[in-house]
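Start from chain A and add chain B according to the hints.
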Amino acid sequence: MSSEHLLKSLLMLFLALFSANASNWLYLAKLSSVGSISDEETCEKLRGLIQRQVQICKRNVEVMDAVRRGAQLAIDECQYQFRNRRWNCSTLETVPVFGKVVTQGTREAAFVYAISAASVAFAVTRACSSGELEKCGCDRNVHGVSPEGFQWSGCSDNIAYGVAFSQSFVDVRERSKGQSSNRALMNLHNNEAGRKAILNNMRVECKCHGVSGSCEVKTCWKAMPPFRKVGNVIKEKFDGATEVEQRKIGTTKVLVPRNSQFKPHTDEDLVYLDPSPDFCDHDPRTPGMLGTVGRYCNKTSKAIDGCELMCCGRGFHTEEVEVVDRCSCKFHWCCYVKCKQCRKMVEMHTCR
Amino acid sequence: MAGAIIENMSTKKLVIVGVILLLFQAFSFMVGGLIAPSPTTAIHYMATKCVDNVKSHYMSKKWFMPWGPNHCDKVRDFDEATAKKIEANNIVFAVHIPMPNKEMSPWFQFMLVILQFDIAFKMYNQIEDGAVVTVDVGLAYRDDSLGEWTEMAHSIEQRKLSCNFTTPKTIDNEGRYYECDLMPLMELGCVFHKYYLLNIRLPVSDHKKVNRGIGEIKDIRLVGIHQNGGFTKVWFAMKTFLTPSILIIMIWYWRRITMMSRPPVLLEKVIFALGISMTFINIPVEWFSVGFEWTWMLLFGDIRQGIFYAMLLSFWIIFCGEHLMDQMERNRFSVYWKQVGPIVFGSFCLFIFDMCERGVQLTNPFYSIWASDVGTELAMAFIIVAGICACLYFLFLCFMVFQVFRNISGKRTSLPAMTKARRLHYEGLIFRFKFLMLVTLACAAMTVIFFIISQVNEGHWHWGDYTVQVNSAFFTGIYGMWNLYVFALMFLYAPSHKRYGDEQSSGDQVGNSGEDIQLTTTITHVDGPTEVYKMMRKEAQE
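Chains as they are written, first to last, in full-length UniProt numbering: chain A, 1 to 352; chain B, 1 to 542.
Mixed in with the good hints there might be a few duds.
Claimed, not checked - In silico lysine-lysine, DSSO-like type, Cα no more than 27 Å apart, as pairs:
| hint | chain 1 | residue 1 | chain 2 | residue 2 |
| --- | --- | --- | --- | --- |
| 1 | A | Lys135 | B | Lys194 |
| 2 | B | Lys208 | A | Lys229 |
| 3 | A | Lys218 | B | Lys209 |
| 4 | A | Lys338 | B | Lys208 |
| 5 | A | Lys330 | B | Lys84 |
| 6 | A | Lys222 | B | Lys85 |
| 7 | B | Lys218 | A | Lys207 |
| 8 | A | Lys340 | B | Lys239 |
| 9 | B | Lys169 | A | Lys330 |
| 10 | B | Lys218 | A | Lys229 |
| 11 | B | Lys208 | B | Lys122 |
| 12 | B | Lys194 | A | Lys218 |
| 13 | A | Lys302 | A | Lys235 |
| 14 | A | Lys338 | B | Lys169 |
| 15 | A | Lys330 | B | Lys218 |
| 16 | A | Lys229 | B | Lys122 |
| 17 | A | Lys207 | B | Lys209 |
| 18 | A | Lys340 | B | Lys209 |
| 19 | B | Lys74 | A | Lys58 |
| 20 | A | Lys302 | B | Lys169 |
| 21 | A | Lys340 | B | Lys218 |
By construction, these hints were calculated from the structure, which means they are not laboratory data. Fair warning: this is a prediction, and the values are worked out from it, not measured in the lab.
Looking at chain A on its own, in the form it has when it is part of the complex (with noise of 0.2 Å):
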């Protein structure tokens, strides 16, 4: 990344060291210009972690790429989703990098928390499979009681270590404020949904491999779903999110449907306290509220992506384009492409 970057992101760390939110970590995404987080040191200058975090970092140096990593799918990934949708997912070179839409207990901000802990969970199992972390699978977790461990009986699953990881380092913000503000409960509910998106979609693969290749002998193991599937399935519990309220049943504080007709909420739903705002317009005292001036729209849907509902009624300005599309590829499985431009007129469609 440019220098120019990195000078506006210091700026911005006054800015942030004000705006305490669960979700600033994701800004390790933002820092390619750090490198490799290698060492304990490089913990310490990680923009976006509090105390608690940082000392996580420390002691799991080797996990941190893989933390990394996690934030950028995590973003790349609501990118996607909201693409079309008023408010896209946009980031900002700032702490938080959604910018204030996802300080309040919005949907969206249901969102972010739950797909920023699965791709942690995601990334870090990731890692484990590829070899790049030591920690991973046999030292926790390990069925069967036996010093040997991997001889005995082998290693658990590499996702039970990715989960935890992301139990730890994605919830600490939210217990380390207590677990009495409403935000926290909310945050952590869909933290929660987030990892159980992953863990209620793994696929059971088997094989056999008894006498003769038969089934007297089978082996079944559980394989991670792409995250594009998991992100497909929180989105869906998006926009089925429950609104809920905080309520103290006994000494313990829980999380209720605000309407008490709707059923209970499961572990697996997102909840929001807050509804959230329109999104159509830019507003400077909220960063990243960019509003929809200047969105493409698609003019024949009458869904959000619709110019109708995109545009919040302001209408729309029609404009042919010239796009230059791939036809007849010739491409290799990897890194070679070999296409003719072919182009052809379009009418895109902008919010005014």
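Showing chain B alone in chain A's frame:
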């Protein structure tokens, strides 16, 4: 006249023997369920994408390590590779088995590796129908974590890519992954070394049409499956314990038979053969696999199991046949060729199939019969023929069991009219048959039930603080059960030295002199086959 031990045993003693056997049975289940870990472990590996900077990659004998001190130049994803202008031919997928800080061990017995591709859907780069992936794969080992890699195998293999895309193929769904079937990559019959390294290339050649139309590969994932060391140890211990017990009862059984005045009849020989095949399975030659690199152990195990199954199935047929209680003279193996033929032929088919798959894997661990069309058809043909043989066999068996029951009910009506010795003889026959029938059905039902449980279940049950490994319990329990079955068979169906009583000689005389029900040859007929021949001749003369 002497009967089998089971007829002459008092009910009390029979119950005691049954209880002891049941205790051993429970013990064998518990050994697997409580001591042993699950039978196998699957480990996920995500292949690291290494960059081979040498231009002509076929020349380089370099091994690429995914991590560690000498790890290769990696690219995180192929967008990065595209940006760096790296070509597909220069990408090497590297997987180190096992994970960092772990070691493989000979106790793992075998290792098979499954290959999976993550292929993203792209509108302009879709998977073509009937796409075949050509993988150039090398396997190396070392026993010292800093030593040099030694090549073990290298091969260029083809695998059919059967993938489907469940969502509509629109531009909106770009980036979703295809759902692809698992592909077998490798099977090792012996995990003798500590560290293994797989280097996989997917060479592209436009004019040879190699690796064309296989979509946009994002990642290669491998799953390594091996037997758990703990399970192997429990298994070996069990085999080591069972071998002498079956061996001793076998010797005892054969001594009893040779002590008799007549030569052994067919059924006695078959039971003895069953004992031999059980011992053959039991003998823990696998101990050697811990110290020697014997890759054929897996194949040998298959053969041993096959022999036992064939023997057990033949035994059931012959046992039914010898208890038919009709006028026919059997007691010769050749009589049963019609029923035993399918068993032998079916086993032979499976043996050929196994030799084609696991036999070839001895020289090339990456070989799979399912990879080529001809191989698939051949394999399917063998399996179908074996399946037909199995069906034929069960038809014969069911028919024979039905015949026996029909004859039993026929004999029942004429039983009270017989002399005591003759009645005892038939009652003995019926009891023996029904007892074995019951035990066999119970064993078979147990096997089927546990098989289903182990297939459906997740593999372990939590029971308070204990974790019960259902799959391990299935293996040790069922293995123990068939051992006990053979043990009980040899013990209970051995000839008894007890006497029925005084009337036996007179009874025999009455039998010889004119009752129309013939004594067919049985396990314990004291006069043996010759006497029956005499009787047959007599009847023919009449």
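For a C-alpha distance cap of 27 Å, please report whether Lys330/A and Lys84/B respect it. The given pair, whose Cα atoms are some 19 Å apart, holds under the 27 Å limit.
Within a Cα-Cα threshold of 27 Å, do Lys340/A and Lys239/B meet the stated pairing? Between Lys340/A and Lys239/B the Cα gap is close to 67 Å, so the pair fails against 27 Å, i.e. violated.
Given the hinted pair Lys208/B and Lys122/B, is their alpha-carbon gap at most 27 Å? holds (23 Å)
Is the straight-line distance between the alpha-carbon of Lys207/A and that of Lys209/B 27 Å or less? At roughly 31 Å apart (the allowed maximum being 27 Å), Lys209/B and Lys207/A break the hint.
So if I understand the rule, the pair passes when the alpha-carbon distance is 27 Å or less; does Lys338/A with Lys208/B pass? Roughly 18 Å separates the two Cα atoms, so the pair holds.
Does Lys330/A lie within 27 Å of Lys169/B when you go C-alpha to C-alpha? holds (19 Å)
Proposed proximity, Lys209/B with Lys340/A (alpha carbon, max 27 Å): Distance of about 21 Å is within 27 Å: holds.
Straight-line Cα separation of Lys208/B and Lys229/A no greater than 27 Å? violated (36 Å)
Agreement of Lys194/B and Lys218/A with the hint, judged by alpha carbon distance not exceeding 27 Å: holds (25 Å)
Restraint status (C-alpha distance of Lys229/A to Lys122/B at most 27 Å): Between Lys229/A and Lys122/B the Cα gap is close to 16 Å, so the pair holds against 27 Å.
What's the verdict on Lys218/A and Lys209/B, does the C-alpha distance respect the 27 Å limit or exceed it? violated (36 Å)
Starting from Lys340/A, check that the Cα of Lys218/B is at most 27 Å away, please. holds (24 Å)
Hints 2, 3, 6, 8, 17, counting from the list given before, are not met by this structure.
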